[in-house]
Amino acid sequence: MDAAWLNEQLKRRYDVAVLVFLAIFAFINRDFLRGDALVPYDAHEFYLPAFTLVGDFARAGRFLLWNPFLNGGIPDFVEPQSGALSPFVIAFGLLGGGTELAFRFYFSFIWLLSGLGMLLLGRRLRAPAWGALVVAIGFSFSGFHLGHAEHVSFIHSIGLLPFTLWAIDRAIERRSPLCAAQAGALWGLSLLGGYPAIMLNNGAFCVLWAIARGVIFPPRNLDDRSDTWRCRIVATATMLAIMVGVGLVIMSPILIGMRIDAAGVTGRVAALPRKIALGENTLGPLAVTTIFSPYFARLPPATLWPGTDYSSVSLYCGGGLLVLAIFGLAARPRSGARWSLFGVALFAVLLAVGEALPVRGWLYDYLPPTRFFRHSALYRGYAIVALAVLALVGSRSLASLRRSDARFLFAAAGTAVLAYWAWDEVTSRAFDGEVAYGLWHAKVVWGGLIAIGWWLFKVEHPARQPLAALVLVGLSAWDAHGTSLIDIMHVTRNPEPLATWRRLTRLHVTDLDLTRRGFDRLHVGSADLGVGISNRNVVVKKPVLLGHVALKNSMHERWATQSILTAAATGADRIWFAADAVQAPPSEPLFLRFVQRTLELGNLPLVVHAGESMATAPSHPPGEIPGMTAMASARATQRLPHKLLRYTPSELSLEVTAPEPGWVLITERWAPGWQVRVNGQAVENRAGDFIFRAVRVDKGPSRIDMEYHPLTFPGLLILAWGTLAAVAAASALRRHPRWPEWSAWTRAHLSRLRGKLRPPRA
-14 MDAAWLNEQL KRRYDVAVLV FLAIFAFINR DFLRGDALVP YDAHEFYLPA
36 FTLVGDFARA GRFLLWNPFL NGGIPDFVEP QSGALSPFVI AFGLLGGGTE
86 LAFRFYFSFI WLLSGLGMLL LGRRLRAPAW GALVVAIGFS FSGFHLGHAE
136 HVSFIHSIGL LPFTLWAIDR AIERRSPLCA AQAGALWGLS LLGGYPAIML
186 NNGAFCVLWA IARGVIFPPR NLDDRSDTWR CRIVATATML AIMVGVGLVI
236 MSPILIGMRI DAAGVTGRVA ALPRKIALGE NTLGPLAVTT IFSPYFARLP
286 PATLWPGTDY SSVSLYCGGG LLVLAIFGLA ARPRSGARWS LFGVALFAVL
336 LAVGEALPVR GWLYDYLPPT RFFRHSALYR GYAIVALAVL ALVGSRSLAS
386 LRRSDARFLF AAAGTAVLAY WAWDEVTSRA FDGEVAYGLW HAKVVWGGLI
436 AIGWWLFKVE HPARQPLAAL VLVGLSAWDA HGTSLIDIMH VTRNPEPLAT
486 WRRLTRLHVT DLDLTRRGFD RLHVGSADLG VGISNRNVVV KKPVLLGHVA
536 LKNSMHERWA TQSILTAAAT GADRIWFAAD AVQAPPSEPL FLRFVQRTLE
586 LGNLPLVVHA GESMATAPSH PPGEIPGMTA MASARATQRL PHKLLRYTPS
636 ELSLEVTAPE PGWVLITERW APGWQVRVNG QAVENRAGDF IFRAVRVDKG
686 PSRIDMEYHP LTFPGLLILA WGTLAAVAAA SALRRHPRWP EWSAWTRAHL
736 SRLRGKLRPP RA
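The working numbering puts the last residue of the sequence shown at 747; the count rises by one with no breaks.
Only true hints are included.
Mimicking BS3-like on lysine-lysine, the simulated pairs with C-alpha atoms at most 25 Å apart in a straight line are:
1. Lys527 x Lys628
2. Lys443 x Lys428
3. Lys527 x Lys537
4. Lys628 x Lys684
5. Lys260 x Lys537
Restraint-style ranges between C-beta atoms, simulated for each label pair:
6. Pro480 x Phe395: 46 to 56 Å
7. Thr223 x Trp324: 21 to 31 Å
8. Gly432 x Ser320: 27 to 37 Å
9. Arg491 x Ser548: 31 to 41 Å
Since the hints were derived computationally from the structure, they do not count as laboratory data.
Backbone N, C-alpha and C fix where the C-beta goes; we use that ideal spot for every residue, glycine too.
Go ahead and model the full structure; you've got the sequences and the hints to work with.
Take a look at the structure:
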């Protein structure tokens, strides 16, 4: 075997690296891919039902706008985690239908994005193919990915970050508006189907990257232009402005839709209290030791890190990736760029520990968008990303060695010593009976890395580097496989949930028309759907009053836990009539008085709210709460017989006969986008009893028609998807042989246009 040839192949053959990564990914996830395992918890209780519904809507040629099957109805299209407006989710749902098999393909696709993005970024940073492969394996099977496998939207958003970094890096180096637009498109996609907090953090990471690469540590070709600091700042700011502008346009259906079409439906549009934003699900300080072993994440949290959920505790990103990152610092100890990456990783960890340190509090106080997001432990994902980039440049330094160098050996040995110390520290506090396998995994990983370092240092042989690279790739693959076996959140092979979902697949209902099935609604499910709150009812199209949703509403949640209130909003006869109603804006004190009055009467009174009052916080003088006096004498409602004419996700038509002029309370959730007609005449869209719909009718028979037309749809979706299509089309045309000619023609005409618009000089 020719050593020079092998070394060259290992550096340049990224196509082979992609194939190897796909093979490793398929082998580790073989049980999941063939249907013998499933990702537990939220993945199959929240994300799979949401995917099922989006797929059913796509097959019916419609977008999921209103979801009548959960929480009495919610505007699911503004909730990014449902994927209702994601091209990825809709494409897989359209091709495979709303089936579990299609969901498996979608889940595997978004997970693969993380590794493929790291390979692409590695090529961009001129890392050897073997180094990028080690990093891709470690990143894809890191503690963040395995821990949050159940949180599909997290994987979706973090998986697009390497692609976004690749695009903004090209934009900075080439000063290309098209590349900046590509970065914006990728950033925007990280929200459509993703998680808002991770989208925001992705943007912050890209801004830091652009400033570092464009201003502080510019690429060599920018130095050759002898650009001034001012030119660099202007060019970088321009590229970032394009990226942010394009990204915000693509996100607009969610960002604006949440403010407009979910106003009065959910409290999620408000900032979180400081205590919740800083203190909920933080990374326990001792959990930083999980960077040395995936086994630590499965130890009892009550003793080690009581405030951290199992899914959020692990920092492990593979021994090979960590040692390459440390070697990257040791290889060039005076490199400001590399130490900046390490600083970002350290800063992310300081944020992840939440209220244990003041850093997260500073972010809450001085960066208002971060007040909307909880789970400080999420920031650990960006520590792993920064270490992964540092490992890419570290592998580049290792590949360029021309003689024996002890620094990789020292990096491996030093990290192994820290890992041993962490093992002794953690296991002495919380012993687990299955410690043997975790210890064996640690010995193989850290012992193997020390052996590779010794080989590189001691053996004078032409093929020492390429052979060591091959061994490092193999060790990283074995490490990832062992990590997936040690991890407890990745997949479950428990036959009971597998049998449940196979049965639900057989019972899957694709028909979205509920008219023939009637107006019946369950509370939280039934025996055939499983015990407790879950969204399995979506698969069989049975509406429930209380499901697992992100668009939470405190009044709805309390409604669904009061038996007398729950009985009024479930079953088939849930239309109510009152001759008189209390008319007042919704408020917390009034709701509490409403519950008290309901208990006094043994049935619901009726409170009617104007639509505009639902979206605004109530304001009133101290001690004067509108409606409180009238509530004391409010009369109970009575059931009103009805004839259901049409009941679909976006339409509701029924006939009622009122005994006298009054109000009809329809226990379907209110939202701003509902348009109401009574006997063909448009009437005001009013809310009733804080969360439902109220309609004024005359004595005698009346036909009530309701249609859902969101205020932001389809305009913002056309704008967002049109921008995506324009960026994709321009990217495709960029490869056309005549692109330089078209580009020159465009620049010439724009120059002429500017000349015509510019006023003549005096």
